[in-house]
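Student: Residue numbers (my numbering), protein chains in the order written: chain X, 1 to 690; chain Y, 1 to 186; chain H, 1 to 176.
These are computed hints drawn from the structure, not numbers from a lab. Errors might be hidden in some of the hints.
[Unchecked claim] Lysine-lysine pairs mimicking DSBU-like chemistry, simulated, CA-CA at most 30 Å apart:
id: 1; chain 1: Y; residue 1: K64; chain 2: H; residue 2: K95
id: 2; chain 1: X; residue 1: K414; chain 2: H; residue 2: K91
id: 3; chain 1: Y; residue 1: K64; chain 2: Y; residue 2: K89
Note that the structure is predicted; figures quoted are calculated from it, not measured.
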Amino acid sequence: MADLGLLALTIALFVAAFGIAANLIGAWQRRPALVVAGRNALYVVSAFVTFASMVLVAALVRRDYSLAYVVGHVSNDLPLFYRVAAFWGGQAGSLLFWTLVLSLYAYAATVAQWERQPVLRPYVTAVLLTTQLFFLVVLLFSANPFARLWVLPDGNIEPRVVAPAGAVAHQVTDGSGLNPLLQNYWMVIHPVMLYLGWVGMTVPFAYAVAALVTRQLGNDWIRVMRRWTLVPWMFLTAGILMGSQWAYVELGWGGYWAWDPVENASLLPWLTATAFLHSIMIQERRGMLKVWNMVLIGTTFGLTIFGTFLTRSGVIESVHAFALSNIGPLFLAFMALTFFGYLWLLLSRWDDLRSVNQLDSVLSRESAFLFQNLVFFGIMGVTLFGTLYPLISDFLSRFLPVDRMSLAAPWFNKVTGPLFIVLLALMGSAPLLAWRRTGRAALRENFTFPLVFGLATALLAFLLGVRRPYAVLSFAVIGFVLGGILQEFYRGAQARRATRGESWPAAVWTLLRRNQRRYGGYIVHLGVLMIAVAITGANTYQIEAQANLAINESMRVGNYELTYMDLRQVAGPTYDQVRAVVGVKRNGLVTDPVMPAMNFYRSRAGQDQPTNEIAIRMGLTEDLYVVLAGWENNGQTASFKAYVNPLMSWMWIGGAVMILGTLAAVWPHATAEERRRSEAAAPAAGVRRA
Amino acid sequence: MADALSPTAAPKQVGKRRALSRYLILVLAAGFVALLAYGLMISGDRRVTEGQAPDFTLTSFEGKTYRLSELQGQVVVLNFWATWCVSCKDEADDIERVWRQYRDRGVLVLGVNYLDQEPLNRQWIQNYDITYPNGPDIQGRIYNAYGVQGLPETFIVDPQGQVAKVFIGPVTEAQLVAELERLLRH
Amino acid sequence: MMPQTSRRRAQHRHALAGRALCLALALGLAIAVGSAAAQTASPPTLDQVNAVARELYCPLCNGIRLDACDLQVCAQMRDVIADRLAAGATKDQIKAEFVAQYGPTVLGEPPRQGLNWLGWLLPAGALAAAGLWLGFQVRRWTRSAAPEAGPAAAAPGSHAPDPYLARVEQDLAHLD
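Work out the full structure: start from the sequences and follow the hints.
Tutor: Here is the structure:
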């Protein structure tokens with residue numbers, strides 16, 4: 001059965017190679033039949049990859065221990081849910097999962113766009129197929145999920161695809177199980193989101209390459225690009241936040257972001273994709289920045305591949321990284337090919353990308369976007385620098401007295417913190433500035449309220465006891481942006497109320513529906529603000545305490561008094577849980593006890609790796625976060641770490657708001673027809689009123 | 001990047017500036033790829049398994065300084081360990097026995113403590129009755145120079161200063177004796 | 001019977017080099033136990049130790065704060081902090097000693113001395129240069145465009161050229 005998966009991948013490999021050739025030859029010789037054949041090749045590849053994925057999932061679900069991957073990631077006691085999730089829980093499986101997601105995107109993009117872009121399509125298909133081909137090569141020759149375990153004549157057990165001479169199949173009755181850290185709902189879902197985000201960036205990249213090759217650099221493809229970037233961007237946003245959520249509830253250090261290389265790898269393409277989503281607006285309106293947008297798309301795609309390379313090649317050490325493997329050189333080769341190929345395309349089409357344009361005023365939305373793009377790219381650049389600093393310092397230390405070292409949160413926070421605040425300020429300013437030029441009167445009219453609102457917020461924060469300059473500044477900027485957004489909604493709704501006599505909620509709803517992009521964007525900005533609130537609160541005002549407690553002893557953390565009451569052992573499905581009962585008093589009032597615990601997994605992968613089951617009591621103003629750190633003498637004493645994280649919940653609420661805003665922006669609700677109808681209705685309304 | 005944002009440059013300057021920005025993009029991309037290639041190169045197995053043994057200075061807990069280049073003519077057994085390393089316990093007695101057996105035959109055993117704390121080291125040395133010199137690996141310099149990848153690892157340097165043998169994981173008395181006999185016979 | 005945690009630690013298994021090692025070790029646990037060496041007259045509290053440890057980083061794994069790190073190495077390092085605090089050392093002294101002993105990775109940022117400044121100046125310089133360059137460009141583009149931009153191009157008072165919003169604003173103007 002598993003051999004069918006191998007066969008499917010092999011066929012997909014050849015079909016992909018054929019498809020690339022068919023598309024390119026078809027395009028050069030203008031033979032539509034070949035282009036159609038190339039497109040069908042993409043469908044076939046996608047189908048075979050999907051089939052191979054189903055074979056692997058079936059093997060995991062059925063616990064087919066003849067496969068090395070199944071042995072390594074599943075055990076007899078692993079529940080069905082996690083057996084399916086084991087698909088993307090390991091190196092080879094996650095690469096197949098990546099290929100599967102790529103195939104689904106490729107299929108969707110081809111079906112959706114086939115009729116619209118006749119000139120671009122052979123190249124778009126060829127690029128998608130090339131990326132598929134690369135992953136198929138990796139799967140078949142470097143990280144094959146269908147490899148079996150063999151006992152070699154010298155007694156060593158090795159995973160091989162083809163049976164080595166004289167080897168016997170290795171018989172296994174129980175697998176080593178899934179890494180216990182991965183047995184968490186967030187951990188199951190967040191890689192899926194990240195892959196949907198990373199892999200989706202291949203589609204805009206394919207369009208960019210096709211546009212460059214064909215020199216079809218007009219503005220027609222921009223709308224396509226925007227939508228195909230916005231969807232993966234949304235998934236990437238969700239994936240990053242869910243990853244932080246996982247770190248927060250599972251790792252037990254009271255934080256959500258450690259600037260770990262793997263975390264950074266998910267942030268880097270997000271930054272350039274966000275920059276792109278903004279700068280493409282300038283191109284849409286003013287025809288400017290064509291080269292820059294191309295650079296951003298290429299960089300975003302490059303960074304997604306870089307992220308995979310980083311997590312799988314062992315170049316940089318990370319807590320989250322996969323086990324060492326030899327796929328590094330393959331990825332590097334692919335990256336180099338993509339980079340230089342794309343650069344060559346870009347440089348050779350430079351003159352076609354030129355456009356006549358200029359800025360009318362420094363005080364314009366365009367220039368705010370330019371600086372905002374620079375800051376986004378700058379944050380990406382410094383984060384990349386910091387992530388690669390172990391390599392950079394290692395290299396420099398060969399000739400210069402530089403210490404080899406890796407960088408952690410202190411450096412990243414110091415360097416990116418100010419940039420993020422500038423970014424927030426720009427995020428608030430840009431929508432208040434008009435395209436082309438903002439007159440003095442408009443400037444005063446648009447900025448007065450937000451600035452006052454920002455100052456008031458800072459003052460309020462100060463009165464509530466926020467004293468650190470950084471936090472006060474951050475709240476001032478957040479207030480400024482919030483004021484701007486409120487003003488926009490107020491003005492729009494007020495206008496509708498005045499003209500149509502709609503109620504407030506109805507007016508806001510119509511605004512949203514009539515101009516999804518604009519108001520959806522504001523909602524996304526609101527979500528960003530909530531996250532900024534959470535980061536400001538948790539980073540500057542976290543309270544931490546640790547104590548060894550005997551039964552009935554108490555410790556204090558912030559306004560809480562925690563009393564160690566009991567320690568008991570409970571049997572879970574795949575683990576034994578040691579659970580402490582801790583009484584909680586907040587400001588002297590007794591509330592429900594919390595139960596931090598530790599899970600001891602029974603499977604082999606779980607040995608020596610108990611996981612923290614942190615007790616978190618979430619609240620809108622603060623989270624209480626209690627970790628059971630250890631115990632002695634059968635629980636007569638136990639050690640607890642407790643944190644109070646102010647405003648932390650706003651990070652997850654803000655994430656949800658961002659997703660909703662994005663959905664509002666892309667939801668195909670106000671159809672073209674509806675819009676036309678509303679356009680037609682508007683003048684009539686004007687006449688009526690007049 | 002220059003032109004990326006400024007497609008409206010005055011025509012006479014275009015040529016020069018474009019060339020500059022093109023080179024800048026290329027240099028950045030090439031530098032990035034080269035850096036990653038460098039990373040791949042050094043991330044693999046860089047354990048020193050043969051050839052000249054990297055020179056180092058180790059100051060023992062007794063305050064005596066050992067410099068490898070000054071120990072030529074002796075066989076040096078370099079044992080990397082730490083008190084937080086569980087399997088280091090398995091080899092502690094074996095290494096001590098070998099040391100006592102060979103200390104007068106031109107063999108020097110040096111214990112190199114990686115990321116460790118002196119009070120704990122002293123306690124451990126007392127527990128296992130270790131008599132060969134041990135010292136802290138300041139900032140992990142020796143560890144890095146030898147490309148050690150985990151603890152314990154044991155390097156044997158021959159009298160000419162060449163790495164003769166590397167043991168990965170806990171080493172046994174028999175393994176050490178076999179290697180030392182081979183080297184001393186020459 | 002409950003599993004005994006206090007001395008149950010992940011093995012430093014050789015097969016697990018590098019990051020895999022970290023993962024395995026990071027999950028071993030360490031209850032904060034006073035080391036034999038830390039038995040002084042007035043041992044500092046765990047909170048006092050953590051106050052120093054939270055400004056240091058585990059040198060064996062990327063980015064894990066010393067107060068939050070479950071490795072045995074980290075537990076030992078916290079014990080050292082306790083010892084030094086008991087001996088009257090200040091936070092800065094302890095940090096300096098850690099850098100000397102384990103290298104600057106424990107700080108999580110390049111020490112601000114000598115050529116390690118490069119770790120700060122390279123990104124800061126690049127950012128400053130890019131910012132200046134863009135500012136200069138924007139000024140140039142504005143100047144080159146100034147003569148062409150007729151009054152029609154400017155939309156004073158309008159914060160939105162979308163047809164819909166423009167309409168909304170017209171409506172507003174009517175009301176005024």
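Student: Which of the listed hints are broken here?
Tutor: none
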